[in-house]
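Student: Go ahead and model the full structure; you've got the sequences and the hints to work with.
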Amino acid sequence: MANDIIEGIVSLINGPVVKGTNMGSFKVNEMVTVGKQKLIGEVVSINLDKATVQVYEETEGLKAGEKIYSTGSPLSVTLGPGIIGNIFDGIQRPLTKIQSISKDFIPEGIGLLSLDEEIEWDVKILVKIGDKLKAGDIYGTIQETESILHKLMVPYNISGVVKEVKISGYYKLNDTVVILEKDNATEINLTLCSKWPVRKQRPIQKRLPIYKPLVTGQRVIDSFYPIAKGGTVGLPGGFGTGKTVTQHQLAKWSDADIIVYVGCGERGNEMTDVLEEFPALIDPRSGRPLMERTILIANTSNMPVAAREASIYTGITLAEYYRDMGYNVAIMADSTSRWAEALREISGRLEEMPAEEGYPAYLPSRLAEFYERAGCVTTLNGKEASVTIIGAVSPAGGDFSEPVTENTKRFVTAFLALDKKLAHARHFPAINYLTSYSGYVSMLEDWYSENVAPDMISLRNKMIKLLQEEEKLNEIVQLVGEDVLPNDQSLVMETARIIKKGFLQQNALHPEDTYVNLDKQYKMLKVIDAFYDNALLCVKMDIPISTIRSLDIFQAILKMKYDIPNDKINLLDDLKNKIIDTLSDLRQKYE
Amino acid sequence: MKKEYYKLQKIEGPLIVLSGIEGAAYGETVNIKIDNKELRKGKIIKIEDDKVIVQVFEGTAGISTNNASVKFTGEPLTIPLSKEILGRTFNGVGAPIDGAYQVVSSYRQNINGRPINPVARRYPRNFIQTGISAIDALMTLIRGQKLPIFSGNGIAHNDLAAQIVKQAKIKGATSENFAVVFGAMGVRHDDADFFKRSFEKAGVLDHVVMYINTADAPIIERISTPRCALTAAEYLAFKHDMHVLVIITDMTSYAEALREISSAKEEVPSRKGYPGYLYSDLSTIYERAGMLKDSEGSITLIPILTMPNDDITHPIPDLTGFITEGQIVLNRELNQKSIYPPIDILPSLSRLMKDGIGKEYTREDHADLSSQIFAAYSKVQDVRSLAQIIGEDDLSEIDKIYLKFGREFETKFISQGKNENRNIEETLNLGWYVLSLLPVTELDRMKSETINKYYVVYRER
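Residue numbers (the working numbering), protein chains in the order written: chain A, 1 to 591; chain F, 592 to 1052.
These aren't lab readings, by the way, just hints derived from the structure by calculation. Certain hints may be false.
Said to hold, decoys possible - Here are the in silico distance ranges between beta carbons for each label pair:
1) F:K1044 with A:D455: 37 to 43 Å
2) A:Q588 with F:Y1024: 42 to 48 Å
3) A:E117 with F:L630: 47 to 53 Å
4) F:K928 with A:L112: 56 to 62 Å
5) A:L48 with F:S697: 46 to 52 Å
6) F:D1035 with A:V484: 36 to 42 Å
7) A:E357 with F:V1048: 52 to 58 Å
8) F:S854 with A:V484: 29 to 35 Å
9) A:E512 with F:N1010: 21 to 27 Å
10) F:S1039 with A:K462: 28 to 34 Å
11) F:D1035 with A:K124: 53 to 59 Å
12) F:V1047 with A:L208: 55 to 61 Å
We put the beta carbon where it would ideally sit given N, CA and C, even for glycine.
Tutor: Below is the structure:
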């Protein structure tokens, strides 16, 4: 072994935190391997010749005096074909490969694995000798799945003239397919993959303003509190309020090209559920299995905590990589609170001075760094693409004033608050229709009026106003009962009930109701609107609200979400006309 | 030959500190001999240069800086396992306390286990009939699920757990391949005896393994008790394809023991003094439940915890709820109304229920029925608070019907005898009976066909 390789020596072990001496020449954020078992770790701080390392694997059995080896590079992921449809742990090790090594349980010391290097990919080369290439330029493509074309891009900071090129054909991950000659006559081999340090944002040409929504097929989101492509969303909720079901619904139905789902410190069975369900589900747009556009990262709650901290960064880096190819990518992080807790746990073991509730003082800046990696951009190769971040938050005790929720609120534009009371009444999705907000409504106004209907946003505003009025009336009703309300106020109560039960409640398990397109959403709102306006005319003529309630149309509106299939939305126009006719008949009877 | 160390540097709470140690491994077990007589076990929880911090399982009482000799075993805490453990009782570190010899086996397993690879898991789908209406209909227990009981002091959680053990019908389980693993941390002697007796009554005693740490046993053993229990469960389920029902109680005592060690280690506390890693630590217990693709067995885990001050937002129930697949919440008010089991259905939930009920498993109307009962009972709560202000007489007609529904639901549906075993058919029919008290216009969670097929029948009666 060469003498210039410096090895650190383990001096302290405290759970996932290990300190070593003789490490003055190591770099911060450098990846290291620790001990005889070659556990994977990362240097987090250096003080004179002592360094602190967080270890991504179980440290049981590690001894003081064992060696720490440098790898020379920061914690990185391998970017290349084979990512889509795969499931990785927090540091991009494929879980299926781990299973082939160690069966059912994940041991420590299995080393650094990444993408499969043996698969032969059908590569189409797009460049010829003499072409000038710069960072981000595409030199080849691979049909990674039926629906995703993988683009091989010149890595960052590299440019030159093509000196040699292979013909299109089958190649493995590390085969050189193009040789570039730089200005200074050095050669660079381009393979099917490259490395990228996870904690560093991937470069772009410029940021673009946000203008189009991420259509999710969920009524309370699309119609009331929309998410934008390239936007940031916080999804907080106590346990049992349906965070995971909501995240799964978004992963299934939102119109992103690629979904990165990060199960960060959550349940093992939830990842298994996704693994069993997604290959069987068909993407309504491409007609292909959803798994062909999905990347899973699973670092469940009982897996090592430091890798949980890294999983969020691994996820966002993979998302940025596909964005750079020109795709709209959405990343679901479930849950960012577990990531923040991992920060807290490691911070505690590093004996750092705690700030709020034991969280380290750098929690807000880490959250900001993460959410700022979202955006609608022009990529280095001139394509418009986006990364949307949807971060679930699990506030302790369901209390939104805790540090992670509070700080998340500062950095996200849309805030979909899941409500315990709604969840207890099994009103799902339990997104609170009054305390939630979306800053994207105004940014998306033009898109909605062009692509859905000119009055979509004003209709939405009217509905929210009715719900707000109902909330105020509810305070009175709780004191004196509903019977004493004047008829027009009773109508507000009834209409709000229709909005809640007939529109906002959406059944994720119902085949028709699980995904609803924007046109149907709009027409449903029009039906409710027609009911309110026409019933108001009746009420002004002193027709009792109970008479209106007992009409058949009342039940028909409540059940329209189930009874009118997605491919027959014209029936909603018929329903609207029937409402107008019935209520006008009613008025004539009373005249 | 392993070295022995005779000088302790420091003894504090459950921890001892030794210095001048070479080659100690993180997490390894140490044997501590006191006055050359008593043997205790400990575990290394921190290494700093040549200094080692050891947590002593049986507690540090009676140890002085110079009456103990410490030997390092070089191995983490393991327990010997064979099918002979069935019918036996052990303490929190896996030593027999039933008067018989330790199980002889060359197969030893590290009690800490390792995380199950999510790819290797099988998603739990089949329902377990507990014979308890509130659970079967509204928070169905699924084979391989982890579903805790959130209770309070003095509420009948032990009766409920014992009734579940007695009545549970696990699909695929016969008397041969069914086992119960019982782990008790910091429970009273009479509670431990109660469980023993009820296992005996249910006739399953020779299929039960018990790991018992009573309230007067060393606090520190509470850390290893549930881990021993789950290691035994993993062995039975995944090596012998058995269906294992694991009951561990009381997780609150466990978390308090964890807090005690944390404070002795002078760690930075997080909420209510509990360590910042409470969530990760609890998950290494709860996540051991489940099923594997390459094994026929299953581990269904029912942890019991008493909520301090009945507060569900307390860190222990709160973090538990974030890890487990739902919760069964018991309610003091119902308990005082003598309703048994006193299950508060609204905050209760089974996350795996959606995939384990319906036509193939229970009955086609199950999902609609439970959703409607939740919605209606939630409305009952609103009506009750209104009634307290304006009085029952001034309620609207429909609100009065809801009050009646609430009463019938609590006394006829939730309430049942401690030996009453209702099958799923009876339970669902009972659900329709109470729902039929409501007019059809209130059934907004149902498909029209379901209403026609079931509601109409009961309404006419």
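Student: If a hint holds in the structure, say so; if it does not, say that too.
Tutor: Do the hints match the structure? See the list:
no., hint, result
1, F:K1044 with A:D455: 37 to 43 Å, "41 Å, holds"
2, A:Q588 with F:Y1024: 42 to 48 Å, "43 Å, holds"
3, A:E117 with F:L630: 47 to 53 Å, "52 Å, holds"
4, F:K928 with A:L112: 56 to 62 Å, "60 Å, holds"
5, A:L48 with F:S697: 46 to 52 Å, "49 Å, holds"
6, F:D1035 with A:V484: 36 to 42 Å, "24 Å, violated"
7, A:E357 with F:V1048: 52 to 58 Å, "55 Å, holds"
8, F:S854 with A:V484: 29 to 35 Å, "57 Å, violated"
9, A:E512 with F:N1010: 21 to 27 Å, "44 Å, violated"
10, F:S1039 with A:K462: 28 to 34 Å, "30 Å, holds"
11, F:D1035 with A:K124: 53 to 59 Å, "55 Å, holds"
12, F:V1047 with A:L208: 55 to 61 Å, "58 Å, holds"
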